[in-house]
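> These protein sequence lines map, in sequence, to chains A, B, C, D and E.
Sequential numbering from 1 applies to the first sequence in my numbering.
Sequential numbering from 1001 applies to the second sequence in my numbering.
Sequential numbering from 2001 applies to the third sequence in my numbering.
Sequential numbering from 3001 applies to the fourth sequence in my numbering.
Sequential numbering from 4001 applies to the fifth sequence in my numbering.
The set of hints was computed from the structure by calculation and includes no laboratory data.
Mimicking BS3-like on lysine-lysine, the simulated pairs with C-alpha atoms at most 27 Å apart in a straight line are:
hint, chain 1, residue 1, chain 2, residue 2
1, C, Lys2103, B, Lys1180
2, E, Lys4133, A, Lys313
3, A, Lys313, E, Lys4175
4, C, Lys2129, E, Lys4314
5, C, Lys2129, B, Lys1180
6, E, Lys4424, D, Lys3129
7, E, Lys4431, D, Lys3129
8, B, Lys1180, C, Lys2106
9, B, Lys1180, C, Lys2112
10, E, Lys4131, A, Lys313
11, B, Lys1187, C, Lys2103
12, E, Lys4431, C, Lys2210
13, B, Lys1259, D, Lys3053
14, B, Lys1180, C, Lys2069
15, B, Lys1005, D, Lys3053
16, E, Lys4131, A, Lys44
17, B, Lys1180, C, Lys2123
18, C, Lys2053, E, Lys4431
19, E, Lys4314, D, Lys3129
20, E, Lys4314, D, Lys3069
21, C, Lys2110, B, Lys1180
22, B, Lys1259, C, Lys2129
23, A, Lys323, E, Lys4133
24, E, Lys4133, A, Lys1
25, C, Lys2053, B, Lys1180
26, B, Lys1180, E, Lys4431
27, E, Lys4156, A, Lys313
28, B, Lys1259, E, Lys4314
29, E, Lys4314, B, Lys1005
30, C, Lys2069, E, Lys4431
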Amino acid sequence: KDYTISVVAGGSSDADSYRTEAIAMAADILMREAAVAGESLNIKVEQRSYNNWDDFKQAVTLAAESGKAPNIVVTGHEDIAAWAQSGLIVPIEDYISLDSWPVNNIYPNLLNIASYNNRVYGLPQDAEARPFFAWKDHLAKLGYSAADIDAFPDKIATGEYTLYDMLNDAKKAQDMGLVEPGYGFYPRVSNGPDYWQFYTSFGGQLQDPQSHRLVFDQEAARKTYQFFIDAVKMGVTRKNHIGTPWDQWYAEVAHGKAMFWHGGTWHYARYTGKEGLTDFFGNIQFSLIPAGDRSGKANTLTHPLVYLLTDQKNDDVQEIAAKLIQIASEPRINTLHAIKSSHLGITKEQLNIPLYANNRWAMEATERLLPYASAMPNDTDFGNFWNIYWKGLEAAWTGQKTAEQAVKEAVTELRATMANSVIIR
Amino acid sequence: MRSAKLPFVILSILSVPLALMYLYLLIDTFTISEPGSLMPRGFTLEHWRFLWQDLPGRANIWQVTLNTIIFATITTTLVLLLSSSAAYALSRLNIPGRRILLGGAMVLHAFPSVTLLIAIFLILQYVGLYDTIAGVVIIKASLELPLGIWILKGFYDTVPWEIEMAAIQDGASRFYTWRKIVLPQIKPALAALAIFSFLASWSEYILPQVLAPGNHAQVLSVYLAGLIADDSHFDMALFKSVGLFYVLPVFALFLIFQKQLMNMYGGGTKG
Amino acid sequence: MGIQIRNFTKRFGQTTVIDNMNLDIESGEMIALLGPSGCGKSTTLFAISGIHKIDEGQLLLAGEDVTGKPPQQRNVGVIFQSYALYPHMTVEENIGFPLMIRKEAKADIKRKVQEMTELVGLKGLLGRKPAELSGGQQQRVSLARAMIRRPEVLLLDEPLANLDARLRITMRAEIRRIQQETGITAVLVTHDQVEAMSMCDRIAIMRDGKVLQYDTPEQMYQVPANDYVAGFMGNPPTSFLSGHLEHGTFRSLEADVQLPLPVLHSYSDQPVRLGLRPEHVRLEPQSANTATISFIENQGRELLYDLTLADGSVIRTIQPVNLHYGVGQSVHWDIDPHHILVFDEQGDLIHAG
Amino acid sequence: MGIQIRNFTKRFGQTTVIDNMNLDIESGEMIALLGPSGCGKSTTLFAISGIHKIDEGQLLLAGEDVTGKPPQQRNVGVIFQSYALYPHMTVEENIGFPLMIRKEAKADIKRKVQEMTELVGLKGLLGRKPAELSGGQQQRVSLARAMIRRPEVLLLDEPLANLDARLRITMRAEIRRIQQETGITAVLVTHDQVEAMSMCDRIAIMRDGKVLQYDTPEQMYQVPANDYVAGFMGNPPTSFLSGHLEHGTFRSLEADVQLPLPVLHSYSDQPVRLGLRPEHVRLEPQSANTATISFIENQGRELLYDLTLADGSVIRTIQPVNLHYGVGQSVHWDIDPHHILVFDEQGDLIHAG
Amino acid sequence: MNKSTSLGPFMLSPALLFVTLFFLLPVVMTAVFSFTTMSTATGITGGRYQISPASLRVLAGDYQLPELARQLGQQRYHIDDSGLNILREEQENTELVDEIQQKLSGQSFTQRRDLERALRQLNHRPRNVRKIKEIAEAFQHTVGSEPFDSADALLKAIQDSGVTLTESEQQAVIKSSYTGWHWSLENYRRMVSLPDTATALFNTLIYVLFTLMLFNLGFALCLALMTHYLPPRSGAFFRGLWLLPRISPPVLYVLLWKWVAWDTGFLSALLANFDVAPRNWMLNSATNAWVFIILINGFVGASMGMLIFSSAIKAIPQTQFWASDVDGASRWQQIRYIILPQLRWPILFITCYQTLSLLASFDLILLATDGGPGGTTEVWSLKAYHTALNNYAGNLQYGYGAALAMVLVVMGLVLSLLYLRVFKFDRLVSKPRIEI
Ligand SMILES: Nc1ncnc2c1ncn2[C@@H]1O[C@H](COP(=O)(O)OP(=O)(O)OP(=O)(O)O)[C@@H](O)[C@H]1O
Ligand SMILES: Nc1ncnc2c1ncn2[C@@H]1O[C@H](COP(=O)(O)OP(=O)(O)OP(=O)(O)O)[C@@H](O)[C@H]1O
Ligand SMILES: [Mg+2]
Ligand SMILES: [Mg+2]
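Only chain A is shown next, with the shape it has when bound in the complex (with noise of 0.2 Å):
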C-alpha cells in the first residue's frame, strides 16, 4: 500500500532539522518492518519547515480549513488546546497504545503536557527547560568563591537566593564597572513563555489543579511586575529593553558584557556555536530561575514541541502517521535531535545513549532543570490570558503604569474577555 505521509514543523532552523527528518527514518524502519512481516508498505514522506510561528499556525490552520493539512505537525503544546476542539487534530492515544515502547518511557510529565481533556494528543518531540545565566567571572569578582560558585545553582533552588539578591549583585557589579549600566540583568529581549517563570517565582499558579481552569494570581502578577519596575530604578535593566535585536543581545551575553541573565537551554549551541564561546562551562553558570522572594520558589519552564496528529477522515492514514511518531520518539532517533539542535531529551532511557551521555550540556541540564520544569497550560483561553499578562508587564517595566495600576487593568481586562474560564485571586 502506498502512503504520502507530510510533516510539517515551526520554528525550525537548519539544526533542527531532525523533527521532520525522524519521521522519515521511521518510515524507513516502519517500512522496513513490514517487508520483514511480508506485507508490502511504501511510504513516502514530505518534509517541510517554517521559520516563522506565525506563518506556520496561519499556513496549518488554514490548510486545514481547506482541508489540505499536513498529516504530522510538529508545533508547542499549547496548539493543543485550541486545534483539539476545532477538530483540526485527532488524539495520538486512539492509534498507538500508551503502554508501548518507547510511549512508556517518555517522561510523564512532558506526556501530560500534550493532553487536553484527559486525552494524549500527542507525543512531546523535544523538551527544554529555561535556565538562568550568570558569568562566572563577574562572580568571582564580586568576591565568590569558586566553591561558591559550584553552589550557586543549589543556592538557588533551595530558595536561598533571590531574585532581589540577584538584582543587588547586578547593582554592584555596575558599580564596581564589571558590567555597563543596564547590563547588570540583561533579560530575554521579546515576550516569550520566559516571563511566567518570574510570575511562578513570585508563587503565582498558571492553572488550578481540580478545575483545569486558568489563574491569575493577582499577588503574584504584581509582585512580578514590581521586580522588573524595581530592576529599572535601581538601573541594571533598561527601561527600553524590550526590542533589543536578537544578536545584539547573543553577542553580548556571550562575552560577559552582562551580568545576568536567562534564555533556553538551546542557547548552548548559539553561544558555542555562532558566537564563539569556547569554554563555556568555565565561563557561565547556569540555574533554575530564582525564587522572588521567601514565599516563591525557583523554577524553571519548559515549552516543548510535539508531534501532533492531523484529521485526515480516514483512519488507516493517521494510524500509519501515529505509528511513525511512535516510532520517531525512540531514544536513539530523539537524540540526534536532541544534540543536534541542543535540546533535552524526551524519555529516560536517552541518558543511556552515548551520544546524549557524552554531552554535558545536554546531562547536566537535564538534571538540573528537566525535574523541576513546569509548563504553560493547554487552554483556548491561555492566549488572551498571556496577552494580558504581558501587556501589564511591559507596561510596568516601560514605566508607563505602576505595578497596582498594571494589575488592575489586567484584572478588568480579564473580566471583559474571559469571564468564567479564568480564577482571579
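Chains B, C, D and E with the ligands: place on chain A using the hints.
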C-alpha cells in the same frame, strides 16, 4: 534657467540619513565589520554566497527570483487590463452611477487587506485558488485596482474628445475606438502604472506568505523573511545581502524607467 | 445627398442651445454656418454627424430619416477644428483608418490612400506621425481621412482656423475644388466671413442658436437682412452711423454728416443706422462731410484709414497706397447713395442700394 | 528703451538655431520678426526676455548689458504664443499677477486691473477662469497681463494668431495704439505679413536663424531684397514666373509669355524670375499674353482669379466684383513694367520698378 | 458595442467582478464574522458537539445545571451483558468476547485507558489499537468526551448512557457542548469595555495625522518641488533615493532604522563623541518612539506623494514658468502662486488615498516598536493584528479580529465618504461628449 544650488543643498542635507543607512547597508554586505562599528573593515564576498550556492534548506535564489518576476509581471498585466477598461468606462462612457462607482473605487482602498485575510482565504478556498500563485495574483491585482483606476481615469480625461469622435465618425465601434485610438494615447500612463504595480507586487509579502504557503512558488520576500526567524543562526550580514539583492533590481528599474514613472499624473480636474 | 434639418432643438441641461432650427441643404451644395463663438455651429454639426442626440426634431439625409441612427451608420465625414488626427498612427494609417475599419483589403487601402494623398498633396509624407507635420499638412491629412471613404456628406468644423494666411488661401481653393469634383454635400463651420464667402454656395448666419439669414454670398453681401449680418460680412468690416432720415436725406447732427438718399424720400424723421463699407467710402475734397484721420493701417497694397467724425464715432475707408494722408489730417469724404445700407432701429434692413 | 542684439548665437545641442544675429531696435519703435515656422522667432524673443541663455553675443537694453540678468530683473513684458495664462486664476488675478508679485497695494492693483481691462475690452469677464474664455479673450488677458506693469519692452509672440479676422483687425489697432501712446519698445513675432506691415515701424524677415532683410514695411514691399521676401510680403501673395531676359524683354517660351522690361535692356540671355503682385496684374483684352481662368475666389468686395498659363504655372490677379468672368474662360493679361520685380537665379533682387 | 450604455457595463464588469469577489465579499464576510465567536478553536466552517471540561463548566455556571454537569462529566466503563451482546452482534472474534466475559465480567473502570490496559492483557487481544478502542467503547456507560458530528448523536449517546434530559436541559447541553462558533455581540461589547480601545484610537489619530501632514503630504511636496528645480539627472537621483524605502522589504528597512537608533547604533556611536551616553533612541521615551514611528512611516509614505506631485508639476506647461519668470516672480512666489494652486487635485488625491493607507497599515510599527514602549505606539490596526492574528498560544480570534477590522473599515468608509464630499470629487465626472 536659474541656479539649482539651493534646492540641491537642502535636499542633500535632508537625504543624509537615508543615504547613510543604505550606504552602510551596502558596506556591511561586503565587509566583516561588527554591528554598530562605524569604520568598515575586511572586504569579503562571503555574504553574497547565496548567489552561487544554495543556502542549506532553502530554495535556489535564482528560481525564487524568477518566481518573483513571474508573479509581479502577471499581477501587473492583470492590473493594467482591469483598470484600463474600467477607468475608461468611468471616464468616458455614459453609464448610470459613474459617480458612485468612482467614489467606490476610492473607498475600496479603505479596506485593510490584512484584516480581511481570513475572508479572502475562504473565498479563494471556495473557488479553488488557495495555495496557488494565481490566487495571490488575483488578490494582489484587486488590491492595486483602486489606484490604477484613479490614475488612468485622470489620463483618459485628458484625451481629446475629438479623436474619439473622429474614430466613431470613421465607422469604428466604441470598443474598437477604445482599443485602437484611445488606449495608445495613454501609453505613458500605462507605463507608469505598470512600473508602479510591478514595484508594489515585487515587495508584497503577506499575501504570498498566507495565501500560497506551499513551497512550490516561493517569492523573494518570503525567502528573505525566512532568513530572520532563525534566532540561533541568524546571519545579519547575509540577511542584508539578500535584502540588497532584493532591492537592487527594482531600484535599477526605477532609475531606468523614471521618465515613464513620472507620468503618474494625468490631471483630472479643471477646478 | 441633400440634408434636411427640421425643427431641430438641442438643450444642454437647462439651456437651449439650438432653438427649433430648420435648414435645407441641397445635394452637392456646400454651405457655410457662419456666426460668432458659441452660437451653436459645432452643435449643429454634431447633430448631423450623429455624435449628439437630437432633443427634438428630425434629420433627413437624402430624404431618409436618420434621426436615431448612430454615426457609424451615417456616411458622413467630419473634419474637426483640431483635426483630431490619431497621434500614434502614421499619415498613411490615419488616412487608411476608415477603410481598415471596414476591413477592406490591404492592397485596396494602400492604393486608395495613395490616390487620396496625391489629391491633397501629401505625397512623401506617408510615413510621418502627425506631430511631425505642419498645421497645413495636418489639415490635409484630416481632409484626406474624411474623404477617403467617399462620404456623401462632409462636415468641416473650422478646418482652416489654425493655418497661416497663405496656407489658408491655398487650402480654401483646394477644399472647394475637391468638394466640387466629387459632388459631396458639405457643411462648413467658420466664423471667418471671407472663408464662408469664398468657399460656399450658400451661407447660414447664426446667432444664439438661430439662423438669421440663409442666402448666397453675393446676396448676403449686397442685401444683408440686418445690421448684424452686414457687420459680419465684409473685410474690413462695415462701419455704422446712426442718425435720422428726413425726406431723402440722412442726417446726423452730432457727427455733422449729411448724405442724400433720394430713393428713401418717403421717410420722415425716421431714426436709422447706415452701414458704410470701407471700400465704398471715398475721400472726396468736394464733399461737405469732414472727418479726421485717426489711424492708418498699412495693408500692403492698400491703406486703411480710420476717420473720426465730429461725435467721435469712427468710419473706415480703404484707399490705394499712393495717396499720402497723415494721421491727424482733416479730410472730406463721401459715398454713393446706392452703396449705402439702411437699417431701422431694430437693425432690420430698410434699403440696400 | 532701445534694444541691441549683438552677434547673438543660440544652439540647442548640436543645431544652431540662431546664427550670429544682429538687430538694433530704437526706443519706442515697434518692429516685427517675420518668418516661417521654426525660423527662430520665438527663440529670439526668449533671448531678449531672459528665459533662454545666450550662447554667444550680447544683449543691451537701453545701452546696458543685460546678457547675464534673469528675466525678473529685466522690465520686459511678454505675450506668449499660447498665452500661458495661469489656469487656476481668474482673469483679474491673472492680470494682477505681476503687480501682486511686486506686493503693490490691493487697492492699487484693483484699480490698475480695472483700467487695463477697459483698455483691452474685457470688462465683465474679470471673474472668469481662462478655460471659460474664448481664444480672443484669452489673448487680451495675456496682453493686459504683459502691459499692466508698464514694461519698457513688450515682446509679442504671435499674439493674434488665434483671433478671428474682425477681432484681429481691432486688436492690431489697439496694440499699436497702446504701444505708441506708452512709448514702449515692442517686438512682434508673427508669420502674417499683413500683421507685420500694418503694425510695425520696421520688419525683420528671418529664415533659418538669419535676418534676410530689416526695413520699413513700404520699403520691404516695394524693394524686397530677394524673392523669398517678396513672396512673404503681399496679400494675396506674389506670383512668380521663370524665364529669360533678352534685351529689355522678358520671355518664357513654355508659358508663352512676353513682357517688355525696357529698363533692363542691358541684360541678355539672363535667366530670371519675375515677381508679379496680383493687384498689378490686369486683364487687358489687347494684351498678347493669354491665360485660362482656373479658379475664382470671392473675397467679398473683390474676386481673386487663378490664371493658368500654357506651361501650367499659375499667376493670380485680383479684380473688382463687377467683372464677370467664369472658370475655364480664356483671358488676356498684362502688367505695368514698373510694377514688375525681377530676381536673378539666386533669388536676389535685380530690379524693382 | 456601439452604445456606451451597453459597452460601459461590459468594460466595467471584469474589474467589478474582481472587486466584488475579492474585496466586497470579504468585507461582508468579515462583517458577518465580527458578530461571531469564531476562533481557531471553533474553526471557521463548523463545529461538533463534545462534552469537555470547558463545556461542563459552562453547563454548571451559565446554565445553572451543576448536577447534570457532574453526571455528564463522569467516565465509567462497565463490563456487562449489554456490551458483550453488542460485540457479538458486531461479530467480533468470539474467542475474545468469551475471554472478556470470563475474565472481566462485572468490573468497572473510570478511565478508558485502564480498560484498554486490561483488554491488552487478554490472550485473544486484538493487535490493533483501534480495535481495542472500539471494544472498550461497547462497555462505555457514559457519554465520554468523544466529539459528535450532530446534536442528535450527542443526545442519543446521553440517552444511551442512562441520563434523561428535559427539553431545556437538552438545549443547554447542546449549546454548551457545541465546539463551533455562535452568533454574539460579545466582540463589540468587549471592544467598548476595554480601556485601551480609546488609547488605540487616539494613537491612530496621532499616527495618521502626523505622518500624513508631515511626510506623505508635506515632505512629499518638498521633495517634488526641490527635485523639480534640479537638473533632470540629480532630480532623478534624489527621487530614486527617496523611493528606496518603499521598494525595500519592510524587515530590512526597519533594520536600517534600528541600526541608526539603537543603543549600539549609529546615532549613539556618533553622539558618543560628544559625551552623550548611548541609549536606545527609538524606545527611550514615548515621544522618541512616536518621532521614529512617524519618520519610519513617513520616509516610506513620502515617495508616493513625491511621484504623483512630481509628475503633476511636470504636467504644468513650461510657458507658465516662463511667464511667471518674466512677470518677476521669485522662485518662492512661483511655488506659492503657480505650482501649489495647480497641485490642488493631486494633493487632495494623496490626502485621501494616504489617509486610508495609513489607517490600515501597521507592519512598520510592528517591526520597529511593536507598539512599545508599553503600548504607547499601538495603533488600531496593530492592535487588531495583535489581538486577532498574532496569538502566541495558537488560538487566533477571528471573530474579535473581524470586529476590530470592521471598525477600521467603517472609519475608512466614513472618512472617504467625507473626503469625497468635502473635496467635491463628484465634479470629476463630466458628461460624456459623445452621446450615444
Ligand atoms: N456639453 C455642453 N454642456 C453645456 N453647454 C454646452 C455644451 N457644449 C456646448 N455648450 C454650449 O452650447 C453653445 C453652443 O456651443 P457650440 O460648440 O455649438 O458653439 P460654436 O458655435 O461651435 O462656437 P465656437 O465657434 O466657439 O466653436 C455654447 O454656448 C456652449 O457653451
Ligand atoms: N528646446 C529646444 N530644443 C531643440 N530645438 C529647439 C528647441 N526649441 C526650439 N528648437 C528649434 O529651434 C528652431 C527655432 O524655434 P522657434 O521656436 O524659435 O521657432 P519660431 O520661429 O518661433 O517658429 P513658430 O512660428 O513655429 O513658433 C526650430 O527649428 C525648433 O525646432
Ligand atoms: Mg465650435
Ligand atoms: Mg514660435
